[in-house]
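**Q** Residues per chain are reported as follows:
There are 2 protein chains.
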Amino acid sequence: MTLSKNRIKYIRSLEQKKNRKADKVFLAEGPKLVGDLLGHFSCQFLLATSEWLSRNQPLSVTDVTEVSEEELSRASLLKTPQQVLAVFRQPDEETDVSVISRSLCLALDDVQDPGNLGTIIRLADWFGIEHIFCSPNTVDIYNPKTVQATMGGIARVRLHYTPLPELIRSLKDIPVYGTFLDGENMYGQSLSKNGLIVMGNEGNGIGKEVKSLINRKLYIPNYPASRESAESLNVAIATAVVCAEFRRQAAL
Amino acid sequence: MTLSKNRIKYIRSLEQKKNRKADKVFLAEGPKLVGDLLGHFSCQFLLATSEWLSRNQPLSVTDVTEVSEEELSRASLLKTPQQVLAVFRQPDEETDVSVISRSLCLALDDVQDPGNLGTIIRLADWFGIEHIFCSPNTVDIYNPKTVQATMGGIARVRLHYTPLPELIRSLKDIPVYGTFLDGENMYGQSLSKNGLIVMGNEGNGIGKEVKSLINRKLYIPNYPASRESAESLNVAIATAVVCAEFRRQAAL
Numbered sequence: 001m002t003l004s005k006n007r008i009k010y011i012r013s014l015e016q017k018k019n020r021k022a023d024k025v026f027l028a029e030g031p032k033l034v035g036d037l038l039g040h041f042s043c044q045f046l047l048a049t050s051e052w053l054s055r056n057q058p059l060s061v062t063d064v065t066e067v068s069e070e071e072l073s074r075a076s077l078l079k080t081p082q083q084v085l086a087v088f089r090q091p092d093e094e095t096d097v098s099v100i101s102r103s104l105c106l107a108l109d110d111v112q113d114p115g116n117l118g119t120i121i122r123l124a125d126w127f128g129i130e131h132i133f134c135s136p137n138t139v140d141i142y143n144p145k146t147v148q149a150t151m152g153g154i155a156r157v158r159l160h161y162t163p164l165p166e167l168i169r170s171l172k173d174i175p176v177y178g179t180f181l182d183g184e185n186m187y188g189q190s191l192s193k194n195g196l197i198v199m200g201n202e203g204n205g206i207g208k209e210v211k212s213l214i215n216r217k218l219y220i221p222n223y224p225a226s227r228e229s230a231e232s233l234n235v236a237i238a239t240a241v242v243c244a245e246f247r248r249q250a251a252l
Numbered sequence: 001m002t003l004s005k006n007r008i009k010y011i012r013s014l015e016q017k018k019n020r021k022a023d024k025v026f027l028a029e030g031p032k033l034v035g036d037l038l039g040h041f042s043c044q045f046l047l048a049t050s051e052w053l054s055r056n057q058p059l060s061v062t063d064v065t066e067v068s069e070e071e072l073s074r075a076s077l078l079k080t081p082q083q084v085l086a087v088f089r090q091p092d093e094e095t096d097v098s099v100i101s102r103s104l105c106l107a108l109d110d111v112q113d114p115g116n117l118g119t120i121i122r123l124a125d126w127f128g129i130e131h132i133f134c135s136p137n138t139v140d141i142y143n144p145k146t147v148q149a150t151m152g153g154i155a156r157v158r159l160h161y162t163p164l165p166e167l168i169r170s171l172k173d174i175p176v177y178g179t180f181l182d183g184e185n186m187y188g189q190s191l192s193k194n195g196l197i198v199m200g201n202e203g204n205g206i207g208k209e210v211k212s213l214i215n216r217k218l219y220i221p222n223y224p225a226s227r228e229s230a231e232s233l234n235v236a237i238a239t240a241v242v243c244a245e246f247r248r249q250a251a252l
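These protein sequences, in sequence, are chains A and B.
If you read the first sequence in UniProt numbering, its first letter stands for residue 1, the second for the next number, and so on.
If you read the second sequence in UniProt numbering, its first letter stands for residue 1, the second for the next number, and so on.
Misleading hints may appear alongside valid ones.
Said to hold, decoys possible - Here are the simulated DSS-like cross-link-like pairs (lysine-lysine), alpha carbons at most 25 Å apart as the crow flies: (1) A:K32 to B:K79; (2) A:K79 to B:K79; (3) A:K9 to B:K208; (4) B:K208 to A:K145; (5) A:K145 to A:K24.
Said to hold, decoys possible - DEER-style ranges, computed between Cβ atoms: (6) A:K79 to B:G39: 46 to 54 Å; (7) B:H40 to A:D182: 24 to 32 Å; (8) A:K79 to B:D23: 40 to 48 Å; (9) A:E130 to B:S4: 50 to 58 Å; (10) A:E130 to B:L77: 54 to 62 Å; (11) B:K17 to A:I8: 49 to 57 Å; (12) B:S212 to A:S212: 27 to 35 Å; (13) B:P175 to A:A251: 18 to 26 Å.
It should be emphasised that the hints constitute simulated quantities derived from the structure, not laboratory data.
Glycine is no exception: its CB is placed at the ideal position from the N, C-alpha and C atoms.
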């Protein structure tokens, strides 16, 4: 099978959310990422160089096209195409809020940058956080830049898009954390093994309504304490530092 | 003064390192960032909307051009231009290795992504790390994407480009840390208030020669311990989690 112009056009159309949503599919590229996802998601079709194909047999994908590097680069959204590109089916998402009472989960309130979301999914995977609840305006998990930045974490971390105020109001006696410049030094707090850590938008932080529902306000100390300088951390960085501290305490 | 085509061309040429280097200048955009940098770097010229100019008087910049949003967007490298764009002079860099014996410093071994470098500068600023030593192949600090991602940290954190093996060999009895999958759990280690933390390239980690010179190998524990899943953290994320732990211990 050869690579048709229509297929190239279709692949490139998946940069747009509306096209991904219409067909319930998403794009992933590169041997490491595609390799990770093949075991987790149903693959609609795959393009790969002969080199990649020879190293990956048998392959349980029906629709496979062998392509040259040059053909791959015409379909790829990456600056440097990497041997293989695959279109996967988006899994059906089920929201089970009870996971928040049993485990530590994240909530993202309008995170906008695809790279930040992907990086957060990757670090959630590292820190064993399996569920992330996202406000409806949070960037799409299936944005190709997000998928790439997860480095495979998308196969193991579940995202649920749902209005956060309603979600938080439905929780009873479960700690809901957020980071604030006027919060309590997190190193002085006893942090739980379950509950929700809310992280906010890159420019505006956590929205007003969600903020009013947070019952444990944390502060990531800068150094030296009370030094006047940096005013904030990138949202993925702040998420990592907070998750690391929850997990350090959990392992004590 | 009106905005000439030549000036637009000049500004856009600063996306390339060779052009920045030739004139020893760099570009910054947006009210927050430009505002932070005006007090720290010599400004060669500045373009701004009347709105920004009316809010920022007096201004100690000789070469100022009032521009419309439309004119600004023709010069800007950002997707969404933000009121002001300025070209600053690169400061002369002096490398004083003795800071490593007195304070905690970072070393970056071929970090390639401009956004990662900018994010690392921003978090170094937060954690009071004032000096970062970079291998010569590390991405340029004056890359516009790096400058933007520092969120002003570039005004307070000094970068020194120098071969890392020679640098590390010149240090005597100073701890040199790095993170490795086979390192010691960092939470079980007594971490110093001085020394060097080495972070590696996005794909390949720390180079072989530098690795052999690291005397304190650390591991950032994943969770639950020994779970098979995520294989790595983004370099900026790992840097943040390590720096946070050094500073937590230092504040105890």
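**Q** Between the beta carbons of E130 of chain A and L77 of chain B, is the distance compatible with 54 to 62 Å?
**A** At roughly 38 Å between Cβ atoms, L77 of chain B and E130 of chain A fall outside 54 to 62 Å, so the hint is violated.
**Q** Is K32 of chain A within 25 Å of K79 of chain B, Cα to Cα?
**A** Not satisfied, since the Cα-Cα distance of roughly 30 Å exceeds 25 Å.
**Q** Verify the CB-CB distance for E130 of chain A and S4 of chain B against the hinted window 50 to 58 Å.
**A** For S4 of chain B against E130 of chain A, whose Cβ atoms are near 56 Å apart, the range 50 to 58 Å holds.
**Q** Are the Cα atoms of K208 of chain B and K145 of chain A separated by 25 Å or less?
**A** Distance of about 30 Å is beyond 25 Å: violated.
**Q** Could one say that the CB atoms of K79 of chain A and G39 of chain B fall in the range 46 to 54 Å?
**A** violated (36 Å)
**Q** Can the restraint linking K9 of chain A and K208 of chain B be considered satisfied, given a maximum Cα separation of 25 Å?
**A** Judged against 25 Å, a Cα distance of about 43 Å means the pair is violated.
**Q** Taken at face value, is the distance from the CA of K79 of chain B to the CA of K79 of chain A at most 25 Å?
**A** holds (18 Å)
**Q** Can you tell me whether the CB distance of S212 of chain B to S212 of chain A sits inside 27 to 35 Å?
**A** violated (54 Å)
**Q** With respect to the beta-carbon atoms only, verify the hint that H40 of chain B and D182 of chain A lie 24 to 32 Å apart.
**A** With a Cβ separation near 27 Å, H40 of chain B and D182 of chain A satisfy 24 to 32 Å, so the hint holds.
**Q** Verify the CB-CB distance for K79 of chain A and D23 of chain B against the hinted window 40 to 48 Å.
**A** violated (27 Å)
**Q** Mind checking the alpha carbons of K145 of chain A and K24 of chain A for me, to see if they're no more than 25 Å apart?
**A** holds (17 Å)
**Q** Quick check on a hinted range of 49 to 57 Å for K17 of chain B and I8 of chain A, using CB atoms only.
**A** Once the Cβ atoms are compared, 33 Å apart, the range 49 to 57 Å for I8 of chain A and K17 of chain B is violated.
The structure fails to meet hints 1, 3, 4, 6, 8, 10, 11 and 12 from the earlier list, while all remaining hints are met.
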